[in-house]
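Going line by line, the protein sequences match chains V and Z. Using this note's numbering, read the first sequence as starting at 1 and increasing by one per residue. Using this note's numbering, read the second sequence as starting at 1001 and increasing by one per residue.
To be clear, the hints were calculated from the coordinates, so they are not data collected in a lab. Don't take every hint at face value.
As the list claims (entries may be wrong) - Straight-line C-alpha distance at most 20 angstroms; calculated SDA-like pairs for lysine to any residue: (1) V:K416 with Z:I1020; (2) V:K352 with V:K416; (3) Z:K1054 with V:R307.
It should be emphasised that the depicted structure is a prediction, and the values quoted were computed from it without experimental measurement.
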Amino acid sequence: MQRYSIWSLARNALTGHKNWQAAWRHPEPKSHYDVIIIGGGGHGLATAYYLAKEHGITNVAVLEKGYLGGGNTGRNTTIVRSNYMLDDNAHFYEHGLKLWHELSIDLNYNVMFSPRGVLNLVHSDAGRDAAKRRGNAMRLNGIDSEYWDLETIAKKIPDLNVSKNARYPVKGGLMQKRGGTARHDAVAWGYARGADARGVDIIQQCEVTGMMMEGNRIVGVETSRGPIKAGKVGIAVAGHTTQLLNMAGLTAPIESHLLQAMVSEPIKPTLDYVVTSGAAHLYVSQSDKGGLVFGGDIEFYNSFSQRGNTRTLEHVTAAMISLFPRYAKLRLLRHWGGIMDMSMDGSPIISKTPRDNLFINGGWCYGGFKATPASGWCFAHTIATGEPHPLNAGFTLDRFERGYAIDESGAGPVPKAH
Amino acid sequence: MMLIPCPWCGERSENEFTYIGDARRKRPDTSALEVSDATLQAHSDYVFLRDNPKGWHQEYWQHTSGCRAHFKVERNVVDHRIRASVKADEELPTFPEGR
Chain V
1 MQRYSIWSLA RNALTGHKNW QAAWRHPEPK SHYDVIIIGG GGHGLATAYY LAKEHGITNV
61 AVLEKGYLGG GNTGRNTTIV RSNYMLDDNA HFYEHGLKLW HELSIDLNYN VMFSPRGVLN
121 LVHSDAGRDA AKRRGNAMRL NGIDSEYWDL ETIAKKIPDL NVSKNARYPV KGGLMQKRGG
181 TARHDAVAWG YARGADARGV DIIQQCEVTG MMMEGNRIVG VETSRGPIKA GKVGIAVAGH
241 TTQLLNMAGL TAPIESHLLQ AMVSEPIKPT LDYVVTSGAA HLYVSQSDKG GLVFGGDIEF
301 YNSFSQRGNT RTLEHVTAAM ISLFPRYAKL RLLRHWGGIM DMSMDGSPII SKTPRDNLFI
361 NGGWCYGGFK ATPASGWCFA HTIATGEPHP LNAGFTLDRF ERGYAIDESG AGPVPKAH
Chain Z
1001 MMLIPCPWCG ERSENEFTYI GDARRKRPDT SALEVSDATL QAHSDYVFLR DNPKGWHQEY
1061 WQHTSGCRAH FKVERNVVDH RIRASVKADE ELPTFPEGR
């Protein structure tokens, strides 16, 4: 791997930038791998990277049906945080946040991680109690969290409508300063480059069409580029997890729903934090290019369409304008949709499956991007050792039937939480 | 924006409706005094598991901002085409494969 540094930049500048290596190879698939990861998004590539780096397993292929990072890795709102209340989620996402803070150095690739702070707005007395309770739970777990009162918020976020007569009157907010945003494409590309340098084959335009089974054991996959044998197979295709599990004869506690997001035309720096509101169904941040990146809730009906309907677009935009009236005159530059694995408790699944040598990483609801490093790290451990790491021991596929749901919102078994 | 055909009110805007969920799930009979492991498993599967097909999907909707009736719809979850809707206690018609 050609290392990126100020010296390599200077050297290549002097030679007209003609000698940069490709960041990863485009190999033909081999007939057998020790591990096959299905899905070349952030999670799949991170899994391959940590398999090679942490566990020395390098005879690995990542199979991607489209192009790298072309699914949900390229369709999110890039928010990174670890402000969860329940222990399983708190420790897992906090491990991820620690990896995020070191990621650019670890990968030798600038993922543009920007720990600018994530603020969850509170709009009611009950909401304030819930936010403070969650903040206290976070601090007991060693995770940073502070409560901001209205005066602080009004001073720090002058664009926000803090009028008592606002549709969603702001009472305060829970701030996690170590959270922020990162550059989504760079995360996929950085992990791809790091994995490729350690010998992992990244095979794009290669769709998995079936599982090869001997008894209860998975021994390989059928693909659009021919059959490939494998010692172990990991699924990291959130959005289509149920389709892949069906190929192995399994049904999952997951429904696929559509989530859309949008970005405004670029403007001068105006919003210093990631601001979210559960009551108004909104999260917004300003990208480094100046566009306001924002999104809201899922469409609440099953969908594989990868494009949003106007009802939700209007709802999210109305929420944005009610909280930030001065953004009303901005024009939308783009909006897009992605398919979410909505699990039955709002928490992910990183687990063994009832099939030997088949592992699953899915059920990310709308929170998969921030989990990318921790997800890959834990999934690599689970695949390499055959057993989950303590950090993902709770995220099992069978936790629902055993009564161990990780239900952060306390909403019962519905595919709507996150 | 979808136009959803309510069996009572005709085609109305998606905004008037609330999605309820998969209409093919059937609550297993758990009335027996002795509950077997198979019954428990069937009930757990009913509560948590979903077929989640990528294609035609039979589902319940409620006309919340209209007549408030629940009814069944068969919708393609890839492109949102709707090919049938019936009252909640009726069976959706069967269609030849691929239509």
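Tested hints:
1. A hinted pair counts as satisfied when its Cα atoms are at most 20 angstroms apart, and V:K416 with Z:I1020 qualifies at roughly 12 angstroms.
2. Note on V:K352 and V:K416: the hinted pairing is violated, with a Cα-Cα distance of about 24 angstroms set against a maximum of 20 angstroms.
3. Distance restraint check for Z:K1054 and V:R307: the Cα-Cα separation of roughly 15 angstroms lies within the 20 angstroms cut-off, and the hinted pair is therefore satisfied.
Violated hint for the displayed structure: number 2, the only one.
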